[in-house]
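S.K.: Residue numbers (our numbering), protein chains in the order written: chain W, 16 to 410; chain B, 88 to 173.
Calculated directly from the structure, the hints in this document are not laboratory data. Bear in mind that the values here come from a model prediction, so they are computed numbers and not experimental data. All residues carry an ideal CB built from backbone N, CA and C; glycine is no exception. A hint or two may mislead.
Stated by the list, open to error - Computed list of lysine-lysine pairs in DSSO-like fashion (alpha-carbon distance at most 30 angstroms, straight line):
#1 Lys148(W) x Lys265(W)
#2 Lys67(W) x Lys162(B)
#3 Lys68(W) x Lys109(B)
#4 Lys383(W) x Lys277(W)
#5 Lys265(W) x Lys277(W)
#6 Lys91(B) x Lys270(W)
#7 Lys91(B) x Lys293(W)
#8 Lys165(B) x Lys151(B)
#9 Lys109(B) x Lys182(W)
#10 Lys66(W) x Lys229(W)
Stated by the list, open to error - Listing some non-contacts, in silico: residues in chain W with all C-beta distances to chain B over 10 angstroms:
#11 Asp154
#12 Cys168
#13 Lys293
#14 Gly356
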Amino acid sequence: MLKERNIDIENNDWRTHMLDTQVIVIGGGPGGSAAAKKCAERGLKTLLLEKKKLPREKICAAMLFMDVTVRQIEQEFGEIPSNAFADPAYFYGESIVHGIEPELRIKTVGGKKTPSILRSSFDYWLNQKAREKGVEIWDDVRVTSVTEESDGCMVEVEKNGNKKMLKSSFIIGADGANSIVRSYLYPAIKPRFTQGYQEWYEGDIERLYNLDRKVTHGFIVVIAGVSGMSIPPTAIYQKGAHFVLDVDIKMGEAKEAIAEGKRVIKNCGIDLPEPARKGAALIPSLHRELLSGAFVPARENILLVGDAGGLLVPITGEGIGTAMMSGFSAAAAVVRAVESGGKAGKYYLEEIDDMLSKFKQIYALAPKFREQSTKGIEEYMSVFDEVWALTDILF
Amino acid sequence: LPNKITAECLSCGSCETECPNKAISEGESIYYIDPVRCTECVGSYPAPRCAEVCPVDASVPDDKHKESHDNLLAKWKKLYPGETPK
Numbered sequence: 016m017l018k019e020r021n022i023d024i025e026n027n028d029w030r031t032h033m034l035d036t037q038v039i040v041i042g043g044g045p046g047g048s049a050a051a052k053k054c055a056e057r058g059l060k061t062l063l064l065e066k067k068k069l070p071r072e073k074i075c076a077a078m079l080f081m082d083v084t085v086r087q088i089e090q091e092f093g094e095i096p097s098n099a100f101a102d103p104a105y106f107y108g109e110s111i112v113h114g115i116e117p118e119l120r121i122k123t124v125g126g127k128k129t130p131s132i133l134r135s136s137f138d139y140w141l142n143q144k145a146r147e148k149g150v151e152i153w154d155d156v157r158v159t160s161v162t163e164e165s166d167g168c169m170v171e172v173e174k175n176g177n178k179k180m181l182k183s184s185f186i187i188g189a190d191g192a193n194s195i196v197r198s199y200l201y202p203a204i205k206p207r208f209t210q211g212y213q214e215w216y217e218g219d220i221e222r223l224y225n226l227d228r229k230v231t232h233g234f235i236v237v238i239a240g241v242s243g244m245s246i247p248p249t250a251i252y253q254k255g256a257h258f259v260l261d262v263d264i265k266m267g268e269a270k271e272a273i274a275e276g277k278r279v280i281k282n283c284g285i286d287l288p289e290p291a292r293k294g295a296a297l298i299p300s301l302h303r304e305l306l307s308g309a310f311v312p313a314r315e316n317i318l319l320v321g322d323a324g325g326l327l328v329p330i331t332g333e334g335i336g337t338a339m340m341s342g343f344s345a346a347a348a349v350v351r352a353v354e355s356g357g358k359a360g361k362y363y364l365e366e367i368d369d370m371l372s373k374f375k376q377i378y379a380l381a382p383k384f385r386e387q388s389t390k391g392i393e394e395y396m397s398v399f400d401e402v403w404a405l406t407d408i409l410f
Numbered sequence: 088l089p090n091k092i093t094a095e096c097l098s099c100g101s102c103e104t105e106c107p108n109k110a111i112s113e114g115e116s117i118y119y120i121d122p123v124r125c126t127e128c129v130g131s132y133p134a135p136r137c138a139e140v141c142p143v144d145a146s147v148p149d150d151k152h153k154e155s156h157d158n159l160l161a162k163w164k165k166l167y168p169g170e171t172p173k
């Protein structure tokens with residue numbers, strides 16, 4: 016294991032240091048680690064910048080829904096260590112009940128085994144694997160601007176109030192839903208966002224409520240909002256010593272969705288205690304722009320991966336697997352650019368073309384999804400299942 | 088009175104993406120509203136959008152920076168010269 020490095024901004028000449036750095040990866044999530052590790056493996060001098068102090072928490076369901084995600088992790092990073100798994104380590108499907116009529120069980124799925132991870136430990140493991148391959152990681156460093164000049168890319172960073180300029184040949188923006196790299200490339204592009212909201216409570220759902228801790232528990236909530244009916248997916252699941260309330264929210268409906276979700280859960284006989292902690296995150300949707308070509312997740316030698324590039328599975332918003340896929344693609348594109356002397360952006364679009372064509376097939380179900388979900392719960396559930404079935408076939 | 092963000096903030100960034108005036112940015116631990124750019128959404132929305140989208144009500148009126156509706160509208164006009172407020 017390599018030693019942690021503390022970067023002393025005052026005494027470190029960053030500019031000189033950076034002159035021979037080829038790749039700057041911004042963001043230490045799965046997409047960033049995948050890209051950085053692959054770049055370093057191919058002999059490129061790679062620096063990864065992370066905004067938070069590592070290891071860091073990340074608000075996420077933290078379930079590896081797609082088999083391909085697990086396959087590529089095992090192939091590229093090795094077996095996921097036991098400390099990166101939650102307890103239970105796997106969910107065996109989901110149980111969904113109608114919130115208004117709890118006796119009406121809509122779905123009991125056995126079947127699909129889904130790994131349940133702890134993002135903080137999982138992401139940190141990926142960071143360490145990247146570091147072992149030679150990636151230099153600076154955490155607790157905020158990127159304040161990104162610019163491209165004729166002789167390279169400039170990244171302005173700030174730590175403890177001190178600003179420095181870094182220079183590299185390539186930038187891989189893996190900086191999430193509200194990406195600063197994307198806003199530099201496309202100031203006018205504004206994704207539509209969904210909010211993910213969580214409350215974590217101490218305790219065990221099996222002991223407290225007699226709910227099977229090896230499955231996720233979905234509750235159907237319906238909100239008749241101004242923009243029509245919405246069905247925010249609301250779920251409860253166990254993560255180690257805590258259990259999580261997870262609500263997906265249409266922007267502007269946060270209070271209604273959380274209150275209604277809790278009311279429905281109470282209606283099902285579950286009295287939630289005071290939360291030990293709360294969290295929220297943004298889930299971006301850029302598929303319309305991405306698939307029409309109005310938004311291209313690369314320009315010259317700046318590439319966007321994962322949420323930053325809007326590269327999530329349409330409709331379901333599943334993002335860890337596609338973030339890592341696009342991270343590997345970005346690294347492959349950079350390697351091709353170094354070898355040929357061309358621009359990485361063009362190669363990146365070739366590398367992710369297959370993923371985008373799969374997104375296109377799933378996104379074709381979006382009109383049906385919108386239409387069916389205004390009809391009723393059964394219709395909503397059926398099209399949701401269709402989306403997942405297609406995702407499983409394609410990936 | 089422009090809004091301010093309290094310690095309840097979960098740093099999800101929803102308010103930043105929804106703010107019509109680019110008045111909100113990420114601070115060291117929580118988000119921060121620039122009172123110079125905040126018009127309480129006068130000119131853009133019927134009510135402060137940040138408060139509307141915040142899942143935990145972390146955006147609240149700032150009693151220390153009271154401003155009249157006319158003031159807020161004047162601020163909006165300065166931000167968007169020549170445009171018509173909603």
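S.K.: Confirm or reject each hint.
M.R.: The hints, checked one at a time:
Pair hint Lys148(W) plus Lys265(W) does not hold up; C-alpha atoms about 40 angstroms apart against a cutoff of 30 angstroms. Proposed proximity of Lys67(W) and Lys162(B) is contradicted: the alpha carbons are some 35 angstroms apart, above 30 angstroms. Restraint check: the Cα-Cα separation between Lys68(W) and Lys109(B) comes to about 26 angstroms, which is no more than 30 angstroms; the hinted pair holds. Pair hint Lys383(W) plus Lys277(W) holds up; C-alpha atoms about 29 angstroms apart against a cutoff of 30 angstroms.
Pair hint Lys265(W) plus Lys277(W) holds up; C-alpha atoms about 16 angstroms apart against a cutoff of 30 angstroms. Restraint check: the Cα-Cα separation between Lys91(B) and Lys270(W) comes to about 19 angstroms, which is no more than 30 angstroms; the hinted pair holds. Distance hint between Lys91(B) and Lys293(W) is fulfilled; the C-alpha atoms sit about 20 angstroms from each other, no more than 30 angstroms. Restraint check: the Cα-Cα separation between Lys165(B) and Lys151(B) comes to about 22 angstroms, which is no more than 30 angstroms; the hinted pair holds.
Restraint check for Lys109(B) and Lys182(W): satisfied, since their Cα atoms lie roughly 28 angstroms apart, inside the 30 angstroms limit. The hinted pair formed by Lys66(W) and Lys229(W) fails the criterion: a straight-line CA distance of about 34 angstroms is larger than 30 angstroms. No beta-carbon of chain B comes within 10 angstroms of the beta-carbon of Asp154(W); the shortest separation is about 15 angstroms. Listed as outside the interface, Cys168(W) is consistent with that label: its C-beta sits roughly 22 angstroms from the nearest C-beta of chain B, beyond the 10 angstroms cut-off.
Its closest Cβ contact with chain B, about 6 angstroms, brings Lys293(W) to no more than 10 angstroms, contrary to its assignment away from the interface. Every beta carbon of chain B lies more than 10 angstroms from that of Gly356(W), the smallest distance being close to 38 angstroms; the non-interface claim holds.
In summary, the numbered hints that this structure violates are 1, 2, 10, 13.
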